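**Student:** Given next are the chains, with one letter for each unit.
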Amino acid sequence: MEAKALEQDPRFVEQVDLSEVYFMRFQPGDDLFTAVSEVCKEWGIERAVIVSGIGSLVDVSFVSPKEAIEIPVLKDKLNFVDQQGPFELLTLEGNVVPLVGEFGNMKEGDPVLHLHVTLATKEGEISGGHLVKATVFTTTELFLANVKNSRVKKKQSCITGLCEMRDDI
Amino acid sequence: MEAKALEQDPRFVEQVDLSEVYFMRFQPGDDLFTAVSEVCKEWGIERAVIVSGIGSLVDVSFVSPKEAIEIPVLKDKLNFVDQQGPFELLTLEGNVVPLVGEFGNMKEGDPVLHLHVTLATKEGEISGGHLVKATVFTTTELFLANVKNSRVKKKQSCITGLCEMRDDI
Amino acid sequence: MEAKALEQDPRFVEQVDLSEVYFMRFQPGDDLFTAVSEVCKEWGIERAVIVSGIGSLVDVSFVSPKEAIEIPVLKDKLNFVDQQGPFELLTLEGNVVPLVGEFGNMKEGDPVLHLHVTLATKEGEISGGHLVKATVFTTTELFLANVKNSRVKKKQSCITGLCEMRDDI
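Chains as they are written, first to last, in our numbering: chain F, 1 to 169; chain X, 1 to 169; chain Y, 1 to 169.
If you're looking for bench data, these hints aren't it; they were derived computationally from the structure. Since the model is a prediction, treat every value here as computed from it, not as a measurement. Treat the hints with care, since some could be wrong.
Since copy identity is lost for identical chains, a pair holds within one copy or between any two.
[Claimed, not checked] The list that follows gives simulated cross-link-like pairs (lysine-lysine, DSS-like), each with its CA atoms no further than 30 Å apart:
{"hint": "1", "residue 1": "K155", "residue 2": "K75"}
{"hint": "2", "residue 1": "K66", "residue 2": "K77"}
{"hint": "3", "residue 1": "K41", "residue 2": "K148"}
{"hint": "4", "residue 1": "K66", "residue 2": "K155"}
{"hint": "5", "residue 1": "K133", "residue 2": "K77"}
{"hint": "6", "residue 1": "K107", "residue 2": "K133"}
{"hint": "7", "residue 1": "K107", "residue 2": "K77"}
{"hint": "8", "residue 1": "K75", "residue 2": "K133"}
Construct the entire structure; sequences and hints are all you get.
**Tutor:** Written out as structure tokens, the structure reads:
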């Protein structure tokens, strides 16, 4: 690893408050990204972390890194995978943090939903990745905590090329 | 997706209290479902969510959806998979919610344990699904939160055919 | 399963306090084990549990049980797997608990980091296991709770052969 020699984004560790937790079920046909965004907007949640999320999904797209990818990550080194399913949603991990500046088709202040999934197919084979699209199949049972006392935002990093967490901006 | 056109179960988002957390270790030979149920009963926990669960399992059964399955889900479109293991338990996600009415061999008021796992075999291959049976191999290290201030129950849904969360019953 | 007939380590269920949560991002090139250990040391955290962890990793090693392994687990029945990646880090689950006695190259009082991961490769294939080494690729976004009001420690168990949780020592 040569990465240790690279300049780094500023480091941070914040003590935060996750005491405000929301418990919900999403419905068949719901767009997962829209559903999470709407709950955040409706309840005034600027930053969130998923405590638990299970259910089932269909019509899923995710990205994964190609072999021999290096940082800064270039778009053509990402592999976009579309899978129809339906799948059992075994894990739904991730967070929501507001954006500084622009990234892809997102603009200043937009909530960045960073969601990683593992999915089970019929014989118990597993797929998964960094989620970019998903539709609820039968249900998604979600516990989402409001991340209070945080200053973290996301901004494109010249180190990684991706949208990274910062608490100094 | 035609699902958007379907009638839906009622939607809900609840603000809940997860401040009461139980930390435990299960032992070799423990039935995972029995062990979780007994802890809930002993500590007066009606609803629970898993904050973290890792360890190792043997003698596992889970279900996953077959291809081209549609809702409402019919039993013959589910695929039951038995795997002996032992496995590393990489993720144990899920919740416990009381039942309204009957579903399968469960009756009114029974705790519905909804548990999804990912499991590692010897070369790092992964399997997993909606768990229906599992025995602890060496350990299960579990953090389980009591879900307080919730009215959520589970009832068979005519939309999905499965046992779904409701907060209006 | 004959395990039920075995003598067992003492059982415990503790009510703990996870209200003190730390939110951090690790950087490209960080050693994941060192980074978690340093945060625990700096913030005076003796016991911890991961609430959420996603990101990407490279240069990963993990162990998984071989087929037909039995307890007590012998070192030659474990399979060490090295994978270069880079990988999407789909799930990072686990905990930190102080050691009693010695285990491997750890000594009395050392923090035992028990970390399980699932990782995605380029086509969405998944690998994973009980992590023993990993380097951060682009980021690791981590929510780590201080486990307060706990007496749990880890000690080598003559039942499993591994380092197991105890609250009576």
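**Student:** The structure should be examined with respect to each hint, and the outcome stated for every one.
**Tutor:** Results for each hint:
no.	hint	verdict
1	K155 with K75	within (17 Å within a copy, 45 Å between copies)
2	K66 with K77	within (6 Å within a copy, 32 Å between copies)
3	K41 with K148	both (15 Å within a copy, 24 Å between copies)
4	K66 with K155	within (23 Å within a copy, 41 Å between copies)
5	K133 with K77	both (19 Å within a copy, 25 Å between copies)
6	K107 with K133	within (19 Å within a copy, 37 Å between copies)
7	K107 with K77	within (24 Å within a copy, 43 Å between copies)
8	K75 with K133	both (17 Å within a copy, 28 Å between copies)
Comparing the model with each earlier hint shows no violations; every hint is respected.
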